[in-house]
Amino acid sequence: MTKLDPESRAAARGLSDLTIRNLFIIPTIAFLIIFNIFPLLYSLAYSFTDFRASTNAPANFVGLQNYRDLLSDPFIWKNFSITAKYVLISVTGQVFVGFGLAMLLNRSIPAKGLITTLLLLPMMLSMAVVGLFWKLLYDPNFGIINYFLGLDKFEWLADPDMALYAIAIVDIWMWAPFVMLLSLAGLSAVPKHLYEAAEIDRASGLYTFFRITLPLVAPILMIAIIFRTMEAFKTFDLAYVLSSQPTTELIAIRLYKMAFQEWQTGMSSALAYIVLIMVVAITNIYVKYLNKVKAR
Amino acid sequence: MAGVRTPQEKWTNRVAIVAVFVALAIMLTPIYWIAATSFKPRNLATTIPPTVVFQPTVSPFVKLFTKRSQLRDQPSAEEYAAAPWWEQMVFDGGEKVVRNGKTGEVRSSGYGDRFTNSLIISIVSTILAVSMGTLTAYGFSRFKVAGEDDWLFFILSTRMLPPVVVAIPMFLMYRVVGLNDTHLGLIILYTAFNLSFSVWIMKGFIDEIPREYEEAALVDGYTRMQAFFKVVLPEALTGMAATAVFCFITAWNEYAFALIMTNRNAQTAPPYIPSQVGSGLPDWTVIAAGTLLFLIPVAIFTFLLRNHLLRGMSFGAIRK
Numbered sequence: 001m002t003k004l005d006p007e008s009r010a011a012a013r014g015l016s017d018l019t020i021r022n023l024f025i026i027p028t029i030a031f032l033i034i035f036n037i038f039p040l041l042y043s044l045a046y047s048f049t050d051f052r053a054s055t056n057a058p059a060n061f062v063g064l065q066n067y068r069d070l071l072s073d074p075f076i077w078k079n080f081s082i083t084a085k086y087v088l089i090s091v092t093g094q095v096f097v098g099f100g101l102a103m104l105l106n107r108s109i110p111a112k113g114l115i116t117t118l119l120l121l122p123m124m125l126s127m128a129v130v131g132l133f134w135k136l137l138y139d140p141n142f143g144i145i146n147y148f149l150g151l152d153k154f155e156w157l158a159d160p161d162m163a164l165y166a167i168a169i170v171d172i173w174m175w176a177p178f179v180m181l182l183s184l185a186g187l188s189a190v191p192k193h194l195y196e197a198a199e200i201d202r203a204s205g206l207y208t209f210f211r212i213t214l215p216l217v218a219p220i221l222m223i224a225i226i227f228r229t230m231e232a233f234k235t236f237d238l239a240y241v242l243s244s245q246p247t248t249e250l251i252a253i254r255l256y257k258m259a260f261q262e263w264q265t266g267m268s269s270a271l272a273y274i275v276l277i278m279v280v281a282i283t284n285i286y287v288k289y290l291n292k293v294k295a296r
Numbered sequence: 001m002a003g004v005r006t007p008q009e010k011w012t013n014r015v016a017i018v019a020v021f022v023a024l025a026i027m028l029t030p031i032y033w034i035a036a037t038s039f040k041p042r043n044l045a046t047t048i049p050p051t052v053v054f055q056p057t058v059s060p061f062v063k064l065f066t067k068r069s070q071l072r073d074q075p076s077a078e079e080y081a082a083a084p085w086w087e088q089m090v091f092d093g094g095e096k097v098v099r100n101g102k103t104g105e106v107r108s109s110g111y112g113d114r115f116t117n118s119l120i121i122s123i124v125s126t127i128l129a130v131s132m133g134t135l136t137a138y139g140f141s142r143f144k145v146a147g148e149d150d151w152l153f154f155i156l157s158t159r160m161l162p163p164v165v166v167a168i169p170m171f172l173m174y175r176v177v178g179l180n181d182t183h184l185g186l187i188i189l190y191t192a193f194n195l196s197f198s199v200w201i202m203k204g205f206i207d208e209i210p211r212e213y214e215e216a217a218l219v220d221g222y223t224r225m226q227a228f229f230k231v232v233l234p235e236a237l238t239g240m241a242a243t244a245v246f247c248f249i250t251a252w253n254e255y256a257f258a259l260i261m262t263n264r265n266a267q268t269a270p271p272y273i274p275s276q277v278g279s280g281l282p283d284w285t286v287i288a289a290g291t292l293l294f295l296i297p298v299a300i301f302t303f304l305l306r307n308h309l310l311r312g313m314s315f316g317a318i319r320k
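Top to bottom, those sequences are chains A and B.
Following the numbering used here, the numbering of the first sequence begins with 1 at its first residue and continues without gaps.
Following the numbering used here, the numbering of the second sequence begins with 1 at its first residue and continues without gaps.
The set of hints was computed from the structure by calculation and includes no laboratory data.
As the structure is a prediction and not an experimental result, all values here were calculated from the model.
No residue lacks a Cβ here, since even glycine has one placed at the ideal position from N, Cα and C.
It is possible that some hints are incorrect.
[As the list claims (entries may be wrong)] If you only want the chain B side, here are some residues facing chain A, beta carbon under 8 Å, derived: (1) Leu44; (2) Pro49; (3) Val53; (4) Pro56; (5) Val165.
[Claimed, not checked] A few chain A residues that face chain B, going by a derived Cβ cut-off under 7 Å, partial list only: (6) Ala281; (7) Tyr289; (8) Val293.
[As the list claims (entries may be wrong)] Pairwise CB distance ranges, derived in the manner of DEER restraints: (9) B/Arg99 / A/Phe142: 29 to 39 Å; (10) A/Tyr147 / B/Val22: 13 to 23 Å; (11) A/Lys153 / B/Ser157: 45 to 55 Å; (12) B/Ser157 / A/Trp263: 20 to 30 Å; (13) A/Leu88 / B/Leu233: 43 to 53 Å; (14) B/Val53 / A/Lys292: 54 to 64 Å; (15) A/Leu118 / B/Val53: 37 to 47 Å; (16) A/Asp201 / B/Met160: 41 to 51 Å; (17) A/Ala197 / B/Val277: 54 to 64 Å; (18) B/Pro210 / A/Tyr207: 37 to 47 Å; (19) A/Leu151 / B/Ile17: 21 to 31 Å; (20) B/Val15 / A/Tyr207: 18 to 28 Å.
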């Protein structure tokens with residue numbers, strides 16, 4: 001009888017740890033590389049060409065021409081400034097409404113669990129389908145919003161200045177619950193003894209809020225803000241379904257039109273890259289800020 | 001929060017309760033309105049003042065599933081009497097159900113097919129994303145991986161891209177390999193999209209499961225695989241449920257990729273419903289019916305797993 005060496009002993013006990021690790025991890029990594037990195041390289045290559053996916057004409061290499069054209073196009077900058085305005089309005093709104101709701105819910109309220117679940121309903125809906133239905137709610141002639149607010153024939157979506165706010169309102173309605181959920185998690189993690197100490201010191205409600213509650217919830221609120229900013233920056237469906245005003249043409253909509261309606265594949269790949277660089281830059285700034293908040 | 005003690009606190013607590021209920025009413029009004037509209041006859045959908053009390057009808061749902069055309073001549077009394085109740089409803093609305101010339105079969109609107117597509121694609125991609133994510137999370141949690149943090153960041157970063165950015169090259173790739181307008185094509189896309197989220201949430205959960213559990217199982221003569229399936233996996237179920245809710249919601253509601261990558265064969269409901277508005281006067285009752293039906297699966301799924309969801313969410317959130 002020969003002695004079993006460690007390797008065959010491992011074999012006798014099934015797969016080795018190394019094999020299991022590779023078996024568990026490699027498919028996911030490979031999958032993500034194939035469906036994320038590879039397409040990105042693909043479109044990077046196209047961004048230097050004048051390729052149009054609607055024709056069979058071969059792609060010509062045009063160097064940085066696409067990038068130069070895009071960055072000097074005032075309409076693209078207009079799309080970016082609309083997007084910035086939209087992100088600012090909707091994320092601010094979500095933080096105020098969501099955090100406010102969480103503050104209200106963070107006390108002894110009857111049927112709290114049920115209320116929390118019901119408040120999450122808007123988040124579960126399809127943005128495109130909901131956006132469509134809000135068109136009916138906003139309708140100047142028979143929408144219930146004007147009726148309940150007593151606004152008569154107020155134009156929400158046809159008014160170029162109002163339309164962006166109208167879209168942001170729907171976004172706030174849908175995603176304030178997300179901020180609420182995260183804030184609730186944060187609020188429930190604040191140690192109770194801090195409030196008791198504040199009470200003994202007869203600290204005012206405002207003082208308690210700004211000195212205890214807010215600083216301790218700040219990191220998780222930042223996470224909510226990061227997620228919502230990234231998502232708002234990418235907004236396509238909601239705005240696309242609700243309005244076709246030039247004043248509501250977010251960058252994602254411009255990108256979609258350029259790629260799949262005008263079929264400027266090369267040019268739109270370049271724009272996609274510009275957007276990508278911006279998203280990564282914004283995320284980085286946020287994450288740096290988040291780490292600062294956490295360190296405090 | 002500290003318990004209610006002074007009269008002033010009692011008063012503020014009451015105000016808070018009222019405020020919560022007002023907020024709840026405002027948040028739920030649009031959803032209630034969708035539900036109410038989907039049971040209205042067409043002429044009551046767009047009245048001012050809004051119709052609140054009405055005789056409910058299922059005619060919007062009948063219309064949702066059938067192909068219809070404008071009625072030119074009133075149907076004869078016999079024809080009307082011979083028709084099934086749901087067809088009579090369509091007659092009453094001034095339309096008729098379109099039938100196949102030869103077989104006389106009722107032509108469907110396509111909503112049913114889109115709904116089925118949504119179900120197939122969302123369920124399969126959720127299962128794939130959660131199971132692959134759980135395995136990968138276990139791999140990262142229990143074994144040494146060179147450059148672990150970098151890999152995890154790479155996995156997360158795949159979620160940062162706006163869908164439209166990825167859509168252009170994916171569209172071209174899919175066209176080459178013939179995955180455009182197929183179920184498999186969307187399943188792969190949604191799995192890739194949800195996988196990063198799944199790995200991250202599951203890593204948090206599995207990190208929390210004590211290693212001693214598996215070590216004890218290994219001592220008892222289990223293999224690593226058996227220990228994983230019989231000991232770790234049952235402990236991770238809450239996390240998997242919470243992850244599944246989020247993956248399902250995302251896949252169920254996805255619009256941009258579905259709009260770009262599908263046509264007739266594999267189209268899901270989110271791009272289909274808005275396309276039914278058309279240029280004329282839209283029938284809002286049908287759109288409401290389609291929206292309400294579409295909400296039901298995701299609401300049921302979330303409701304069933306709600307406790308896992310709330311626990312899973314706060315868990316993952318606090319850990320970060």
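Hints, verified against the model:
Proximity of B/Leu44 to chain A is violated relative to the hint, the smallest CB-CB distance being about 11 Å (cut-off 8 Å). Against a cut-off of 8 Å between C-beta atoms, the interface hint on B/Pro49 holds, since the closest Cβ of chain A lies about 6 Å away. Given the 8 Å rule on beta carbons, the hint for B/Val53 is violated: about 15 Å separates it from the nearest Cβ of chain A. The closest approach between the C-beta of B/Pro56 and any C-beta of chain A is roughly 18 Å, which is over the 8 Å cut-off, so the hint fails.
The interface hint given for B/Val165 is met, as the beta carbon of that residue sits about 4 Å from the closest beta carbon of chain A, less than 8 Å. Interface hint at A/Ala281: violated, since its Cβ lies 11 Å from the closest Cβ of chain B, which is beyond the 7 Å cut-off. About 15 Å separates the beta-carbon of A/Tyr289 from the nearest beta-carbon of chain B, more than 7 Å, and the hint is not met. The interface hint given for A/Val293 is violated, since its Cβ lies 12 Å from the closest Cβ of chain B, which is over the 7 Å cut-off.
Checked against the given bound of 29 to 39 Å, the beta carbons of B/Arg99 and A/Phe142, roughly 33 Å apart, stay inside it. A C-beta distance of roughly 18 Å is found between A/Tyr147 and B/Val22, which places it inside the suggested range of 13 to 23 Å. Between A/Lys153 and B/Ser157 the beta carbon distance is about 47 Å. The supplied range of 45 to 55 Å therefore holds. Remark: the range hint 20 to 30 Å for B/Ser157 to A/Trp263 is upheld by a beta-carbon distance near 29 Å.
Our hint of 43 to 53 Å for A/Leu88 and B/Leu233 holds, since their Cβ atoms are close to 44 Å apart. Separation of B/Val53 from A/Lys292 is about 56 Å and conforms to the stated range, judged on CB atoms against 54 to 64 Å. For A/Leu118 and B/Val53, the Cβ-Cβ distance of about 23 Å falls outside the hinted range of 37 to 47 Å, so the restraint is violated. Evaluation of the 41 to 51 Å hint for A/Asp201 and B/Met160 yields a pass: the beta carbon distance comes to about 44 Å.
At roughly 58 Å, the beta carbons of A/Ala197 and B/Val277 sit within the given window of 54 to 64 Å. Roughly 41 Å separates the CB atoms of B/Pro210 and A/Tyr207, a value that falls within the hinted 37 to 47 Å. Remark: the range hint 21 to 31 Å for A/Leu151 to B/Ile17 is upheld by a beta-carbon distance near 29 Å. The hinted window of 18 to 28 Å between B/Val15 and A/Tyr207 holds, with their beta carbons roughly 20 Å apart.
Of the numbered hints listed earlier, those contradicted by the structure are 1, 3, 4, 6, 7, 8, 15.
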